[in-house]
Amino acid sequence: MSATTKTRTAPEGGPSTPSPASASAAARLLGDRRLPVLVTAGLFLAMYIGGLSRYQNYGFGEPQVFLNLFIDNSYLLVAAVGATFVIMSGGIDLSVGSLIGFTTMFTAWLVERQGLPLLLVIPLALGVGAFGGFLMGYVIHNFEIQPFIVTLAGLFLFRGLCLVISKESISISDSTVSSMAQTRVSLGLGELSIGAIVALVVLGAAFYVLHYTRFGRRVYAIGGNEQSALLMGLPLGGTKIAVYTVSGFCSALAGLLFMLYIQSGDPLHAVGMELDAIAAVVIGGTLLTGGSGYVLGTLFGVLVLGLIKSIIQFEGTLSSWWTKIATGVLLCAFILIQRAMTARKQT
Amino acid sequence: MSTPAVTTPSRWRALTHHHLFWPVAVLIALLLVNVPFTPDFFAIRMTDGHLYGSLVSIVLFGSPLILVAVGMTLVIATGGIDLSVGAVVAITGALTCSYISDQADQNALAGVFLAMGIGLVAAVLCGLWNGFLVARMGIQPIIATLIIMVAGRGVAQLITDGQIITINSEPYKLIGGGYWLTLPFSIFVVAAVVAVTIALTRRTALGLLVESVGGNAEASRLVGIRSMRIKIMVYMFCALCAGIAGLMISSNTSAADGNNAGLWIELDAILAVVIGGTSLLGGRFSIGGTVIGALVIQTLTTTIYTIGVPTQTNLVFKAAVVIVVCLLQSPKFRAKVFGARGRAAAPVTPAAPADAAPKMEVSR
Numbered sequence: 000m001s002a003t004t005k006t007r008t009a010p011e012g013g014p015s016t017p018s019p020a021s022a023s024a025a026a027r028l029l030g031d032r033r034l035p036v037l038v039t040a041g042l043f044l045a046m047y048i049g050g051l052s053r054y055q056n057y058g059f060g061e062p063q064v065f066l067n068l069f070i071d072n073s074y075l076l077v078a079a080v081g082a083t084f085v086i087m088s089g090g091i092d093l094s095v096g097s098l099i100g101f102t103t104m105f106t107a108w109l110v111e112r113q114g115l116p117l118l119l120v121i122p123l124a125l126g127v128g129a130f131g132g133f134l135m136g137y138v139i140h141n142f143e144i145q146p147f148i149v150t151l152a153g154l155f156l157f158r159g160l161c162l163v164i165s166k167e168s169i170s171i172s173d174s175t176v177s178s179m180a181q182t183r184v185s186l187g188l189g190e191l192s193i194g195a196i197v198a199l200v201v202l203g204a205a206f207y208v209l210h211y212t213r214f215g216r217r218v219y220a221i222g223g224n225e226q227s228a229l230l231m232g233l234p235l236g237g238t239k240i241a242v243y244t245v246s247g248f249c250s251a252l253a254g255l256l257f258m259l260y261i262q263s264g265d266p267l268h269a270v271g272m273e274l275d276a277i278a279a280v281v282i283g284g285t286l287l288t289g290g291s292g293y294v295l296g297t298l299f300g301v302l303v304l305g306l307i308k309s310i311i312q313f314e315g316t317l318s319s320w321w322t323k324i325a326t327g328v329l330l331c332a333f334i335l336i337q338r339a340m341t342a343r344k345q346t
Numbered sequence: 000m001s002t003p004a005v006t007t008p009s010r011w012r013a014l015t016h017h018h019l020f021w022p023v024a025v026l027i028a029l030l031l032v033n034v035p036f037t038p039d040f041f042a043i044r045m046t047d048g049h050l051y052g053s054l055v056s057i058v059l060f061g062s063p064l065i066l067v068a069v070g071m072t073l074v075i076a077t078g079g080i081d082l083s084v085g086a087v088v089a090i091t092g093a094l095t096c097s098y099i100s101d102q103a104d105q106n107a108l109a110g111v112f113l114a115m116g117i118g119l120v121a122a123v124l125c126g127l128w129n130g131f132l133v134a135r136m137g138i139q140p141i142i143a144t145l146i147i148m149v150a151g152r153g154v155a156q157l158i159t160d161g162q163i164i165t166i167n168s169e170p171y172k173l174i175g176g177g178y179w180l181t182l183p184f185s186i187f188v189v190a191a192v193v194a195v196t197i198a199l200t201r202r203t204a205l206g207l208l209v210e211s212v213g214g215n216a217e218a219s220r221l222v223g224i225r226s227m228r229i230k231i232m233v234y235m236f237c238a239l240c241a242g243i244a245g246l247m248i249s250s251n252t253s254a255a256d257g258n259n260a261g262l263w264i265e266l267d268a269i270l271a272v273v274i275g276g277t278s279l280l281g282g283r284f285s286i287g288g289t290v291i292g293a294l295v296i297q298t299l300t301t302t303i304y305t306i307g308v309p310t311q312t313n314l315v316f317k318a319a320v321v322i323v324v325c326l327l328q329s330p331k332f333r334a335k336v337f338g339a340r341g342r343a344a345a346p347v348t349p350a351a352p353a354d355a356a357p358k359m360e361v362s363r
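Sequences listed follow chains A and B, in order. Just so you know, we're using numbering that gives the first Met the number 0 here: the first sequence kicks off at 0 and counts up by one. Just so you know, we're using numbering that gives the first Met the number 0 here: the second sequence kicks off at 0 and counts up by one.
Hint data in this document are derived by calculation from the structure and do not stem from the laboratory. Don't take each hint at face value.
A few chain A residues facing chain B, derived, Cβ under 10 Å [claimed, not checked]: (1) Val64; (2) Asn67; (3) Gln145; (4) Val149; (5) Phe155; (6) Phe157; (7) His210; (8) Thr212; (9) Arg216; (10) Leu274; (11) Ile277; (12) Gly327; (13) Cys331; (14) Leu335; (15) Met340.
Pair ranges (Cβ atoms, derived) [said to hold, decoys possible]: (16) B:Ala28 / A:Gly126: 56 to 62 Å; (17) B:Val222 / A:Ala339: 27 to 33 Å; (18) B:Ala24 / A:Lys166: 29 to 35 Å; (19) A:Pro122 / B:Ile197: 28 to 34 Å; (20) A:Val328 / B:Val222: 35 to 41 Å; (21) A:Ala339 / B:Ala24: 35 to 41 Å; (22) A:Pro116 / B:Gly177: 39 to 45 Å; (23) B:Thr181 / A:Thr288: 51 to 57 Å; (24) A:Gln226 / B:Phe60: 41 to 47 Å; (25) B:Leu180 / A:Phe313: 36 to 42 Å; (26) B:Asp47 / A:Glu167: 37 to 43 Å; (27) A:Thr288 / B:Ala24: 52 to 58 Å; (28) A:Thr316 / B:Ile43: 52 to 58 Å; (29) A:Leu188 / B:Val308: 52 to 58 Å.
Output of the computed footprint for chain A on chain B, the stretches with three or more beta carbons under 8 Å from beta carbons of chain A [claimed, not checked]: (30) 137-144; (31) 147-156; (32) 266-276; (33) 314-320.
Keep in mind it's a predicted model, so treat the numbers as computed, not measured. We put the beta carbon where it would ideally sit given N, CA and C, even for glycine.
Looking at chain A on its own, in the form it has when it is part of the complex:
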C-alpha cells in the first residue's frame, strides 16, 4: 500500500512548487524517493561551492578541475554503475575490485607479454569479466548460496588469478594504449579523456536500461520483493544471473579504464575498490535492501567521493587517510537518512 502512495507522489512532486498543505510538505519530502539523490546532489553542490570559496586563488574554479572529477574517477563510475544493478536487485557483489585488478593484469599480460593487439584483447577481457559474473550469478541462483559468499569466492579467485599471471606489475608501453590514454576530447571549456566519455556512455546506457526496458523493471521488482516478483511470473533466475553478468562486465570495463588511466597491470591494483563502489551507490541513495534508487544518484555518489579526494589534494596538509574517514562519515550519514525514509514508509 505504501508503494502506491509513492508512485503517486513521485511523478507529480515537483521540487520547486510549494505544496498548499504545508504540514504534509515535510512528510511528502521525506516520502519522496528522490530525496536521497537530491540530498547527494545538494551535498555535492555545497562541497563544490565550499571548495570554490576556499581555494579560489588556487584555480579550483576552473572548469577543468570539475571535468577532472570525471577523468580521475571514470573507472569508479563504471564499477559503481555495475554495483548499482546488483544492489538494486537486492544482492551484493564483492568481487568488483578483484575483477578490476585482474582485468588490468590480464590485458597488460596479453598486450605486453603475448603481443596481442589491443583491439583483440579488449573484447576478450570484457568477455572474461562478463563470464565471471555469469558464473557467480549462476551459482547464486541455482544453488541458493548467499551472494555475499559466492562473490567473496570470486574476490579470492580473481585476486589469486592476478598473482598467478605475475607477481610483479607489468607496465604497458604499447603505443595504442598510450595514445588512447593521452587522447583528450575538447569540450570548449575543458577536455575529457576517452575513459571519462566511456564512463558517461555507460551511465547513459544504464539509465536507459534501468528505467525504460523490461529488464530494468524486473531488476527493481526483484529487489523490491523477490517473492512477489516470482509470483508475478517474472523470470527470477534469468534476471538475477543477468544482473551479476552486467556487474562482471562493468567491472571488466572499469578494469580496462583503470588500465588506461594508470597504464600498467598490477596484482594489487584496485584492492578494496568494491567498498568504494558500494559506498558510492549508497551515498547515491540506492537502498541496500534493493528495489529503490537511481543510477544518477550513483553518479553523484562517485562525484562526491571524487570531490573529497580533490579537496584533500587542494588542502595539501591533509593526509590520504582523511579520505577514508570522510567516506565513512558520509556513508553513515546517508544510511541514517535512508533509515529515516524507510521508517516513514512503514507508518
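Put chain B on the given structure of chain A with help from the hints.
What follows is chain B alone, placed relative to chain A:
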C-alpha cells in the same frame, strides 16, 4: 556411483550427517595431503623448552583468526555479519602500540596493561556502535559495519600518523609471540576465550537466546527476550575478540600497521564460520565448527607453503575451497547431485547436467 550406498550401516549415515563431519573431513584431508611432501609433518619436537612442529605453528598462526571467527560466529548466529573486525584489529593494535611507544619504560607492566586496556575499550566501543546501528536503528548489518570497515582503517592510520609504529616491550611481546609452559602463549589465550564462549553459550541460556534472536528477532521480542540487548552484546563481544586478535597480531610483529594489520581477516573469519557449518541466515551456530573452520583455513595456507605450490596460487586455492565447501553445504546442490545418486535407479539424464555444472564451477 561406486560407493555401496545400499549396504552402509546407519551409524555411518549418522556420522556423515553430523554437523561437524564435513569440516573435520576437510581438515583431516588437508592435513594428510602434507604427509607425502613432509613425512615428519605430524612430528612435534622440543627445542629450548619450546614445542615446535607444523601442528603447533598452524595453531599459533591461526590463533588471531580463531578469535575473530569465534566472535563472528555469535554475530552471524543472530542473523548479522560484522565486516568491521579487520579495522577493529588495526585500531586496537594502533592505539596500544602508540600508547606503549610513548612510555618512558616500555617494559613496565602497568603501562602495558593500561595500553592493552585502552585498546580493548576502543574495540568494545566500536562494537557498541555497530550494535547500536544494527539493533537500535535497524540498519542492515552488512552496511552498518561497513562504516567502521571503511572509516576505521583511516582512524587507525590517523592514530599511527600513517607510520608503522614499532615498539620494544618484553611483556607485550608475550601475548602474540611468547611461550608459556612450552606452548605459544597465544594458544592459551585462544583456549580461554573459546572455553569461556562455549561455557557462556552452552552452559547458560545465552546461546539459546542468541539462536532465537537469529531465528526470528521479532518473535523472540514478543516472547520477552530483549533481542535488542542480545544483539548489541553480541557485536560488542565480536569486537572484543577482534581487539584481542589485534593485540596478538601487533604483539607478534611488535609493530602496529594501520594499513595492513588484519587486512581481509573479516573475510577469512566469515569463511571459517561458514566452513564450520554455521548458517549465514542465523539461528544456529557451532563454536567448535568455527574453530575447525579457522584451522582449515590456516592449514590450507600452511599446506600451500609446504607442498611447494607457488605461494601466489594461495588465493586461487582458497577460492576453490570456498566454492567446494559452500556447494557441499548447499541443500539444493546436495539434492541435485547426491539426491540423484541416492535414487540409483532413477533416470540418469536429469542428473547429468546437474553434475556437469558444479564441475565446471570447481575447475574454473
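What are the numbers of the hints the structure violates, in ascending order?
The structure breaks hints 1, 2, 7, 8, 9, 15, 16, 19, 21, 22, 25, 27; every other hint is satisfied.
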